[in-house]
Amino acid sequence: MNMRTVGPWMMGVAGIALWGCGETPDSGGAGPAHDPHGGGGTFTRVSGDIELFVEYPHQIAGVESEEPWDIYLTRVEGWQPVADAGVTLVVYGPPGGRQEIEAVPETPGLYMVSPTIPSEGHWHAEVELSIGGRDYVIGTGEFEVFASEEDVHVHAGHGHAGDEADAHAGHDHADDEADTHAGHDHAGDEAATHAGHDHAEGPAVDEPDPHAGHGHAEGEAAAGLITLPKQEQWSFPFEVAAAEEREIPASIPVPGELVAPPGGLVHVSSPVAGRISVDGPSVGPGDRVRADQTLALIAPTSLNNSYARTRADVQEARLEADRAERLFAAGAIPERRLLEAQRNLEVALAAFEAIGGRADGGGEEEADPGLYYLRSPIDGVVAVRDVPPGAQVEMGEHAFTVVNASTLWFVARVPARYASETRRIRGAWFTVEGGATTYTSRRVLSIGNTIDPSSRTLAVRFGIPNSSGALKVGMLAEGHILLDDPEPGVAVPASAIQDENNLPVIYVMLTGDTFERRVVTTGPSDGSWTIVSSGIASGEHVVTVGAYQVNLAALGVVAPAHDHAH
1 MNMRTVGPWM MGVAGIALWG CGETPDSGGA GPAHDPHGGG GTFTRVSGDI ELFVEYPHQI
61 AGVESEEPWD IYLTRVEGWQ PVADAGVTLV VYGPPGGRQE IEAVPETPGL YMVSPTIPSE
121 GHWHAEVELS IGGRDYVIGT GEFEVFASEE DVHVHAGHGH AGDEADAHAG HDHADDEADT
181 HAGHDHAGDE AATHAGHDHA EGPAVDEPDP HAGHGHAEGE AAAGLITLPK QEQWSFPFEV
241 AAAEEREIPA SIPVPGELVA PPGGLVHVSS PVAGRISVDG PSVGPGDRVR ADQTLALIAP
301 TSLNNSYART RADVQEARLE ADRAERLFAA GAIPERRLLE AQRNLEVALA AFEAIGGRAD
361 GGGEEEADPG LYYLRSPIDG VVAVRDVPPG AQVEMGEHAF TVVNASTLWF VARVPARYAS
421 ETRRIRGAWF TVEGGATTYT SRRVLSIGNT IDPSSRTLAV RFGIPNSSGA LKVGMLAEGH
481 ILLDDPEPGV AVPASAIQDE NNLPVIYVML TGDTFERRVV TTGPSDGSWT IVSSGIASGE
541 HVVTVGAYQV NLAALGVVAP AHDHAH
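The numbering used here puts the first residue of the sequence shown at 1, with every later residue one more than the last.
Since the hints were made in silico from the structure, they are not lab data.
Fair warning: this is a prediction, and the values are worked out from it, not measured in the lab.
Don't be surprised by glycine CBs; every beta carbon is placed ideally from N, CA and C.
Just to be clear, a hint being listed does not mean it is correct.
FRET-style restraints, in silico, Cβ to Cβ [to be verified]:
hint, residue 1, residue 2, range
1, Gly448, Arg326, 36 to 44 angstroms
2, Arg309, Val259, 33 to 41 angstroms
3, Ser235, Val259, 39 to 47 angstroms
4, Thr437, Val259, 30 to 38 angstroms
5, Thr450, Val278, 47 to 55 angstroms
6, Arg343, Asp452, 44 to 52 angstroms
Sequences are here, hints too, so could you generate the full structure?
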């Protein structure tokens, strides 16, 4: 029986995704998988936004199940238990037998049922769900019903589970899917019971139970497997995603920093000596300001080259220019005198504007012509204020720093040995110190042509939109410069890769509550997805959120415990 994952598991699955313990989703699995510990097993399926995980014990013909079937329902979005669901277990067996047993809610997300299967042989199970007015029919797979307890023990001694898992290793299986009901003689009225339901697509394949068949002590799971019960998973942020085939460009790891572009960070200094007025604006760090907005009022304290002296020169030159125009119009003076007066006015205005004066003389200055209005040259946020009200400032002394961080530059420091590769740059991604968010850019602004002699690096600048303001000027960053010629391969979300003692590690979800830690070999990354050249197969599911808790479970820190006895 072939297995196939339909669509990326965390991105709106169309149909059903399924996998088995010890098997990749593309593994074959004809016939029931065997539990060497007692004939039970597990099923893990996903239909739409619902994950179904079933643990079942061995079944004896004509005897009510000694242990209940545990049916766990998880809503994929948010990874929370599904409460208040209608759950019915439907089993089909030879020759044409059919039973429906309603499951009883035990705790939110956990439903239990204890079926009595009338005859031995291979039976097929389905779970019918009613959740929030929507109906699902999820085919789980085959399970075996034994004639007696002795048959269970004989079966357990065969150790088929490991052999079957090994038999699938390295084989390419066809994409054709077997009918989940193949080999069963269903009555005509049974088909009608499925009308109006959302049927999960894909075959049902039994999974070996890593929990030793509902009767083992904690810690007896197969070597190398990690058990994290559903109740634990529901108690903290948790997500999984499927590995998939992708093409990701090769990349160069680079350190870098975030800087303001030219005009994005300005230092505002006082062009006059004077005292900061206590009656002026109280603009401080963190305040947003507009271009030309007054930051402080300064009362000049010296007439030598001061704002007041320069302003007076402008007023005097303007009066003289106006007088010369009237006299020239009346024919009282030659044109040479008019041109001289106009030149004197231009010189006075230039000197006045050089210290921040306004040629029109209007606006706020009219309120008190004896004060100098220190203004912001750009829109932005005040980052620094060095002059408190009442303080004395000298000409040229720094007063404010204003930053407009709506667009920043990521300056990547490319090691000199990769300088020849910079002609192939197509973008970059990076994370900043103390953060896990990935930022990307395709805007290559400039590539340096000089190697810094102290750091032996080449500066490459990228434009980064920052409308949210999350990025700050001066932040250090670690990133990758993306090159052309994408590399194909199996990729996992970058968040799935954990750094454990400088080893890249992923946690693979084998069944609903069983995981495996794998050291992998990583390749190119675009910041969101990373190529894994060994250690994972396409379609296998990896933990993207909550891997740390899975690691703690492996160490015994998170105690794997069920809410009921097995």
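Verification of the supplied hints:
1. In this structure the hint that Gly448 and Arg326 lie 36 to 44 angstroms apart at CB is violated, the actual value being about 60 angstroms.
2. Against the hinted window of 33 to 41 angstroms, the Cβ-Cβ separation of Arg309 and Val259 comes to about 39 angstroms, which satisfies the hint.
3. Distance hint check: the CB atoms of Ser235 and Val259 are about 43 angstroms apart, consistent with the given range 39 to 47 angstroms.
4. Taken as a hint, the range 30 to 38 angstroms is violated for the pair Thr437 and Val259, whose Cβ atoms sit roughly 19 angstroms apart.
5. For the pair Thr450 and Val278, the beta carbons lie near 49 angstroms from each other, so the given range of 47 to 55 angstroms is met.
6. A hinted range of 44 to 52 angstroms holds for the C-beta pair Arg343 and Asp452, which are about 48 angstroms apart.
In this structure, the earlier hints numbered 1, 4 are contradicted, and the remaining ones agree with it.
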